[in-house]
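*Asks:* Below, each chain spelled out in residue letters.
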Amino acid sequence: MLEWILTAIVRALAVSTPLLWASLGEIYAERSGVINLGVEGMMILGALSAFVVAHITGYPVAGLLAAAVAGGLAALLHAFVSVTLRANQYVSGLALTMLGLGLAGVLGRGWEGIPLLNTLPEISGLTYMGLALAVGLWLVLHHTRLGMVIRSTGESPAAADALGVNVHLVRYLCVVFGGVLAGVAGGFLSVAYRPSWTEGMTAGLGWIAIAITIFAGWDPLRAVAGAFLFGALFHLSFRLQAWVQPEALRMMPFAFTILVLAATAGRRRGQGAPEALGLPYAGGER
Amino acid sequence: MRWLTVLVVLVLAGSLAAPGIAQQKLKAGFIYVGPIGDYGWTHAHDFARKVAEKKLPWLETLYVEKVPEGQTESFIDKLIQQGARVIFTTSFGFMDGTLAAAKRYPNQIFAHASGFKRAPNVATYMADFYQVYYLNGLMAGAATKSGKIGYVGAFPIPEVKRHIGAFALGVRAVNPKATVHVRWIYEWFSPTAAKEATEALIAEGADVFGFTEDTPTVVQVAAKRGLPSFGHYSPMHKFAPKHMISGQLVHWDKIYVDFLSKVYAGKYTAENLANVDYWWLLAEGAAELGGDFGMPVNPEWKARLAAVKVGTPDLGRISVYDLVMKRLAQMSDPKVTFEPFTGPIKDRKGVLRVQSGKRMTVGELNSMEWAAPGVVGPWPKEP
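Chains as they are written, first to last, in the working numbering: chain E, 74 to 359; chain B, 77 to 459.
Source of the hints: derived by calculation from the structure; they are not laboratory data. Heads up, none of these hints are tricks.
Computed cross-link-like contacts, DMTMM-like style, restricted to lysine to aspartate or glutamate with a CA-CA straight-line distance of at most 25 Å:
no., chain 1, residue 1, chain 2, residue 2
1, B, K422, B, E235
2, B, K130, E, E185
3, B, K314, E, E185
4, B, K330, B, E136
5, B, K224, B, E376
6, B, K221, E, E76
7, B, K126, B, E136
8, B, K126, E, E185
Using the sequences provided together with the hints, build the complete structure.
*Replies:* Laid out in structure tokens, this is it:
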């Protein structure tokens, strides 16, 4: 029994690692007031970059760095469109997802069916780094001046602007930071979790990361719980098939996500979405 | 003036003949359900499309990938507008859309993969693996130490059930006590689900793996733990050169080349396809045993399989390696002198499903819902 639980915990940690990284990034972007629905697109670009660079150099860590850069660059595009051009953030994010999936599909054509020889272990530094990152990001967000600046940018950009905060710069940095983390999350998939490249291999994990962001109430520590819970449910949906109807189990992680979202929909002020989330800010119009 | 008349006639004939010659090229359109980079089903169809194009100089092809099953008809319209005379629709879910479009385009030729509905201008075709699965089962039965073989299944539909059934029959022919543990992922393409399903099976003690999913995930996960597996659909040997024992490989190109050649020769028209159903197996070259083309059994595993001896009713005592080769030869023979689904076969509940001495028909195989003995795990729609 103990072994049963232990193996389940290990599997839950492995599944939750990319979800945690991606949702931590999204939390920072959204805390600054920019919703980025392009997580899936940034992740897949990260996955492809990581695979290609790890394959060429032989160093999976180099691949992860490339994934971070790719994710960051993709996010920069979203930041430019939604912060500088003040276009609709939802549309821009959706476009980024489609662009990322399409671009990775086309660029990755020659990399399919190639095994990666040098890979990272699955419960790797990234798992522990993700946990440490969550604590660090929580501390920064709630106990530093920088965190206050980010939060106020997302809650009331006009007030932050009046106090001398460069709203555009903060939003740019947070969105790009989110992209870097999403890129690494994708890289984890292609160099550690399932070391190979296949078109569409992120298979919806980016969307789940966005759901975890909301589920966590935009809080990095609660994102750990959300990611772990989803990882555990996902793994258990296969583990429990010997006893429970597989059709029912298959819906479990997703049904649970919806349930929790519904249950937490009416929560108190301060735990909900940042006030200015999704609203473009035009500097000087206060 | 006569030479001028001749010239005018020649020029006229030439201008009339020119489009005639241009029309000599046959344009075929392919509709895929997945991305051509899935390294599974769609990848294999696309590979075959390219092989056919290379082999048939008069062939031109078009394709659309990732087509949602509900939108079959509009994509057929698109391909026909682009000049396709033959349309291949390559997923079970495209069946009704293909039939509806075929009614609207009575002069076009259609062929639907893995379906059962035909029309004067709609043929059906399928390259099936159940025989190869049986051979893989023989090897899996010899390779398992725990007696538990894991299987990651896509959807619990007759095709996949038939494959698992044949696999289990092979396992039991070598290792009567071994069991095949099944986990369903309800996706054709989901590397994450395939990964966790494999991990779940490993945690429960399975030590040899087979699967139906469109990526090499199961092979990779098993190899990471040093466990053997069987590839599926595409050559996956290089993902686990030490651990992959064998697998199933498809040659849709054999069917495409045959079908298109007959269309080109005028043998198949938009009026005579109602009885054209390709059900191609080992003997026709549509399926191949192995983890890579031309390698039925991984040389790394040859000695280990040769060391296991089993008793058979027809061949006496024989090594598993020789048994696999012998059965492969029997099923590749045009006369097919061995069939895995030959009675008497009872299902796992003890109900007699195949009468003694009888072979299952194609129709029975295509609608098979029962679970073979030795299969453990959920089995939706089990009779």
